[in-house]
Amino acid sequence: MSEAYDLAFRESVQDPEQFWAKAAQAIDWVSPPARAYAPDTGWFPGGTLNTCDNCLDRHVAAGRGEAPALIYDSPATGTIRTYSYTQLLEQTGRVAAMLAALGVGQGDRVIIYMPMIPETVFAMLACARLGAIHSVVFGGFAPLELAKRIDDATPKVLLTASCGIEGARTIAYKPMVDEALQLAHHQIERVVVCQRDTLRAAIDGPKELDWETLRAATAGDPVPAPVPVASSDPLYILYTSGTTGTPKGVVRENGGHAVALAWSMKNIYGIGEGATFWAASDVGWVVGHSYIVYAPLLVGATTVLFEGKPVGTPDAGTFWRTIARHGVKTFFTAPTAIRAIRKEDPDATFLAEIGTGKCEAVFLAGERADPATIGWLEEKSGLPVIDHWWQTELGWPAIASCFALGDLRRKRGSAGFPVPGFAFAVLDESGQPVEPGHSGAVVIREPLAPGAFRTLWNNHAGYAKNFATFEGWYETGDAGFIDDEGFVHIMGRTDDIINVAGHRLSTGQMEQIVAGIEGVAECAVIGADDAIKGMVPIAFVVPRTGFDADAAFEKRVIAAVRAELGAVAALKTAYIATGLPKTRSGKILRNLLRKIVNGEQWVTPPTIDDPAVPAALQALVGVREA
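Each residue of the sequence shown is one higher than the one before, counting from 1 in this note's numbering.
Calculated directly from the structure, the hints in this document are not laboratory data.
Hints are supplied without guarantee of correctness; some may be wrong.
As the list claims (entries may be wrong) - With a straight-line cut-off of 25 Å between C-alpha atoms, the simulated DSS-like cross-links for lysine-lysine are:
| hint | residue 1 | residue 2 |
| --- | --- | --- |
| 1 | K266 | K207 |
| 2 | K533 | K595 |
| 3 | K22 | K266 |
| 4 | K533 | K555 |
| 5 | K411 | K587 |
| 6 | K587 | K533 |
| 7 | K358 | K465 |
| 8 | K411 | K266 |
| 9 | K572 | K555 |
| 10 | K156 | K207 |
| 11 | K595 | K572 |
From a predicted model like this one, the values you see are computed outputs, not experimental measurements.
Start from the sequences, fold in the hints, and give me the full structure.
This is the structure:
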């Protein structure tokens, strides 16, 4: 065990106020907080600060204005552009002046419906500068889903771009914005469109403004000073899918967010001033908020904004090329991205040719990392590959091997150990702790660490439900276990535990077995309805590129699960597919797979990466059943 990790964890759970008061010293406060925590007001009550000031102004004031802050690397357009801290502050200030001219002020909401371009980062930081609350919605999200977010957040202004580039596809944003505004009940005052050369949009409505025209018109306006806000004031709203079809707006507060992210960069990822960090995600997801935009800038590091895909822009070597080109020290991506690379380049020829430059570690999150994928990447890269776990609600990692605290203990299939600040337990249905190695509901003790959500926008009752099942504990919604060494294993969502003829089985455990079979690029196991057994597991398997998935391949998949779990596993069907339905962040849409297998009505989710996949799978299932 790492002594540094052990000490930090013990301090964080035994005296959290002292632990987080010390961590808060990394942030510049306009008014220091009276204490670290108060039950009624949350973390750092009485403190005031400005997040944009902490990300930009203070580094320039400290003489680091010429240090690189943001590297925009877009293989989608063939563009690479670097912004120093001085330049990023200037660009952010100009967008803040644009928004101020439109009447945006403290507490107002701004929806940002934009692709992975620098202007998106400018807009997020500009909102923070004004004390406004931004809500980033994926560019390309379906109009109905955008309309729901408009009605919930009631923004004053919507910022968008003429298009996004998704691999080989160019997606026009303006028509979707127009449709969303027709569907929404709330009336937005202004829509500002950033034109891209790839595809330009018509600016013709009475509320519509061209980004560059507005920028030129406000060029003489002074740059607004950072507005001091309370620690508990919202920085942003980030929507996640709700069970009722209504999106849940996770609210992130300024104070706890800044403190937690700064602590995590230093102590988990080993990133400080001058280091280059790359989170290969999208700003539409929590990873993009936390680790593309805010965390690296809070500590004075260089962050990479990447507009591309792990394969196809132009090839399966683009990640390694980007890491080497920019001297990335720590790399963060989703397991799905690595599986996609492995599928296209199973022998890692690109990785062998390009190398990983100055990279010291790779972190994975967003989808469960199967041991086979971790093993492949560690073998081919020679780097420690660290799985870790967190949620939109939490805002930053809660389970990890704290690389920068000298804790490199890893066990494939586990996300690591509780991060300082998070006390975990695994409970049975009656709320009692289970024995080590036994599965149950994964929970975290109240109060949650700084940076975690303390409410949902317009829905505090919905927030409270997360704490209603087990008194004193936050229910993560995930099932898993803690082994006798203290490693935490997240096996999947609670509803991924299926009941087969009275036996409770983990589909995540079955996926782990299938993923380890030679020739498997990625897989998903779901529970399908069965008249006799209640539920039975069904596997979907995608072979690696160039692998001959013959008739015996399916039998090997079924035999492997039976050999490890026994006949009780009841896996008798494995569909060999060309792809799985996934969100743009790489999460497999297992609920959609269940509906397809069960013959239920389904619609293409707005978050899906490739809309053609569900129909192909339905045809596959239909052929099999026929």
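message: Need the status of pair K411, K266: alpha-carbon distance at most 25 Å?
response: holds (23 Å)
Hinted pair K358 and K465, Cα distance within 25 Å: With a Cα-Cα distance of about 45 Å, the restraint between K358 and K465 is violated, given a limit of 25 Å.
- request: Measure nothing beyond the straight line between the CA atoms of K533 and K595; if it is 25 Å or shorter, mark the hint as holding.
  value: Holds - the C-alpha atoms of K595 and K533 are around 18 Å apart, at most 25 Å.
message: Need the status of pair K156, K207: alpha-carbon distance at most 25 Å?
response: holds (11 Å)
- prompt: Taking only the CA atoms, is the gap from K411 to K587 under or equal to 25 Å?
  reply: Measuring from Cα to Cα gives roughly 22 Å; hence the hint holds.
message: Please verify whether K22 and K266 have alpha carbons no more than 25 Å apart.
response: Judged against 25 Å, a Cα distance of about 14 Å means the pair holds.
message: Hint check: K587 vs K533, CA-CA at most 25 Å. Holds or violated?
response: violated (28 Å)
- prompt: Within 25 Å, alpha carbon to alpha carbon, are K266 and K207?
  reply: violated (44 Å)
task: Quickly compare the C-alpha distance for K533 and K555 to 25 Å and report which way the hint goes.
output: holds (22 Å)
field: Restraint check for K572 with K555, where alpha carbons must lie at most 25 Å apart
entry: holds (9 Å)
task: Would you mind confirming whether the straight-line C-alpha gap from K595 to K572 stays at or under 25 Å?
output: holds (18 Å)
Hint violations for this structure: numbers 1, 6 and 7, all remaining hints satisfied.
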